[in-house]
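2 protein chains.
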Amino acid sequence: MPCYRITIEYDGRDLVGWQRQKNGPSVQQHIEEAIFDFCGEEVRIQGAGRTDAGVHALGQVANFALTSNRKPQVVMNALNQHLKPAPIAILECEEVGEEFCARFSAIKWHYLYRIINRRAPLTVDAGLAWLVKRELDADAMNEAAQILIGRHDFTSFRAAACQAKSPMRTLERLVVERKGEEIQVRASAISFLHNQVRSMVGSLSLVGTGQWAREDLAAALEVKDRQRAGPNAPPYGLYLTRVDYD
Amino acid sequence: MPCYRITIEYDGRDLVGWQRQKNGPSVQQHIEEAIFDFCGEEVRIQGAGRTDAGVHALGQVANFALTSNRKPQVVMNALNQHLKPAPIAILECEEVGEEFCARFSAIKWHYLYRIINRRAPLTVDAGLAWLVKRELDADAMNEAAQILIGRHDFTSFRAAACQAKSPMRTLERLVVERKGEEIQVRASAISFLHNQVRSMVGSLSLVGTGQWAREDLAAALEVKDRQRAGPNAPPYGLYLTRVDYD
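Keeping their order, the protein sequence lines are chains X and W.
Quick note, the first sequence lines up with residues -14 to 231 if you use the numbering used here.
Quick note, the second sequence lines up with residues -14 to 231 if you use the numbering used here.
Excised from the complex, chain X in its bound form (with noise of 0.2 Å):
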């Protein structure tokens, strides 16, 4: 059976995330659906990480697989026709091995968060940005993200529905840089916590206000209690930008 693997890209506003719902329209459930209108055949397909309802994507990835040969160009160009009118992209196809696995063979995950730093509403950002009023210190959120590199008990910074059996996790990358009004946020980790990403940059926008010193972020970390971080930062702003595979 030829195995395939996509690059995915949509817009998660009117999405209720990656997964399968009873409440509304998921990425996955369009993508199946997509890939049974044009080919008739019902399949599962696996996605690299579950975006929570909102979160959009620049490079998810999936695999799945069909029972008959077909071009991966022929099931790239015919999912984007099918995908019409929900906002979902294929940006990449390409046959792979059967024992590549979206999930499990990724070995980096990188985020990008795009807040927009100023007092009036958003209009072209609406829903693609988190828009915080209060002015942010963003050289004061990057030197206090450096606190949570490298090997830590990310407890504080995961969410109570979180099913990882863990909560060590390796971060590797986590930049905070001011470009404009538009402050971007980009996390890179072998992998995350649910909800890791937006907890990190709630808390690291109470750094960027001065309402949390840099220690009180490492102190955040330190307790290993989620009740000590920051609000979650909402999803919209949230981005997964690329998956990485061997």
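Any given hint might turn out to be false.
You can't tell identical chains apart in this list, so a pair holds if it fits in one copy or across any two.
Unchecked claim - The list that follows gives simulated cross-link-like pairs (lysine to any residue, SDA-like), each with its CA atoms no further than 20 Å apart:
| hint | residue 1 | residue 2 |
| --- | --- | --- |
| 1 | Lys118 | Glu80 |
| 2 | Lys164 | Thr226 |
| 3 | Lys209 | Ala146 |
| 4 | Lys164 | Leu76 |
| 5 | Lys164 | Glu77 |
| 6 | Lys56 | Arg104 |
| 7 | Lys118 | Thr52 |
| 8 | Lys164 | Arg99 |
| 9 | Lys209 | Gly135 |
| 10 | Lys69 | Pro152 |
| 11 | Lys118 | Asn62 |
| 12 | Lys69 | Arg(-2) |
| 13 | Lys118 | Glu77 |
| 14 | Lys7 | Arg29 |
| 15 | Lys69 | Lys118 |
| 16 | Lys118 | Ala63 |
| 17 | Lys118 | His67 |
| 18 | Lys118 | Ala71 |
| 19 | Lys69 | Ile101 |
| 20 | Lys164 | Leu97 |
| 21 | Lys69 | Leu116 |
| 22 | Lys56 | Arg103 |
| 23 | Lys209 | Pro152 |
| 24 | Lys209 | Ala71 |
Hints are computed from structural coordinates only; laboratory data are not their basis.
It should be emphasised that the depicted structure is a prediction, and the values quoted were computed from it without experimental measurement.
Fit chain W to the supplied structure of chain X, relying on the hints for placement.
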């Protein structure tokens, strides 16, 4: 009477353009209604430029006068409050002299045109950029663009409905730059004809695909005939980014 100058950002997707129309909500109408809702004054605002339906602005400018004195910051916050949920935001508000006119005091205009050059449909950028599926050579586009720099008769690149008395315009800057799959065209001039930027971008896209040589663009300019320019690029890739004043 206190006079105010406001800087405005909007997402043009669901708007009929700057100017009041019978067929739907315009930026002008939304802002005039917000002023009325805020202070009960029925004013007519003067915009720097009349952007078409679907065109966005990151820095449109307008002016108006009120009978009662109010602090610019108060005006700005009140307008943003009353503009909700329209995709329009007031970024700045300041008091100006009575002689200030957003349209006639303007000394330079700046536009950005966003092209996404890829095969896959747009998701997060849908309605915010022009999707061009054929591969574009941005360097060739940029080289050809320099033909249009300077003072020319831009008859070939103006709308049939253009009301300007003279087709002579001085184009100061037209730069085409690729950033990954995005191609940005930046145009600056003392003034533009109606649809001039979209028309220039449409013609440059023909150069980008190789359908036109550099010489074809020169010939289109030379012949002073609207039928000879390429098709207009669609409105939703265009952004009025800034208007300069003395």
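Do the hints match the structure? See the list:
no.	hint	verdict
1	Lys118 - Glu80	neither (46 Å within a copy, 23 Å between copies)
2	Lys164 - Thr226	both (18 Å within a copy, 16 Å between copies)
3	Lys209 - Ala146	within (16 Å within a copy, 66 Å between copies)
4	Lys164 - Leu76	between (27 Å within a copy, 17 Å between copies)
5	Lys164 - Glu77	between (29 Å within a copy, 19 Å between copies)
6	Lys56 - Arg104	between (50 Å within a copy, 16 Å between copies)
7	Lys118 - Thr52	neither (53 Å within a copy, 30 Å between copies)
8	Lys164 - Arg99	both (11 Å within a copy, 18 Å between copies)
9	Lys209 - Gly135	within (16 Å within a copy, 64 Å between copies)
10	Lys69 - Pro152	neither (39 Å within a copy, 42 Å between copies)
11	Lys118 - Asn62	between (42 Å within a copy, 12 Å between copies)
12	Lys69 - Arg(-2)	both (16 Å within a copy, 19 Å between copies)
13	Lys118 - Glu77	between (37 Å within a copy, 14 Å between copies)
14	Lys7 - Arg29	within (16 Å within a copy, 49 Å between copies)
15	Lys69 - Lys118	between (36 Å within a copy, 16 Å between copies)
16	Lys118 - Ala63	between (43 Å within a copy, 15 Å between copies)
17	Lys118 - His67	between (40 Å within a copy, 17 Å between copies)
18	Lys118 - Ala71	between (32 Å within a copy, 19 Å between copies)
19	Lys69 - Ile101	between (30 Å within a copy, 18 Å between copies)
20	Lys164 - Leu97	both (14 Å within a copy, 17 Å between copies)
21	Lys69 - Leu116	between (29 Å within a copy, 15 Å between copies)
22	Lys56 - Arg103	between (48 Å within a copy, 19 Å between copies)
23	Lys209 - Pro152	within (9 Å within a copy, 69 Å between copies)
24	Lys209 - Ala71	neither (40 Å within a copy, 43 Å between copies)
This entry does not satisfy hints 1, 7, 10 and 24, going by the numbered hints stated previously.
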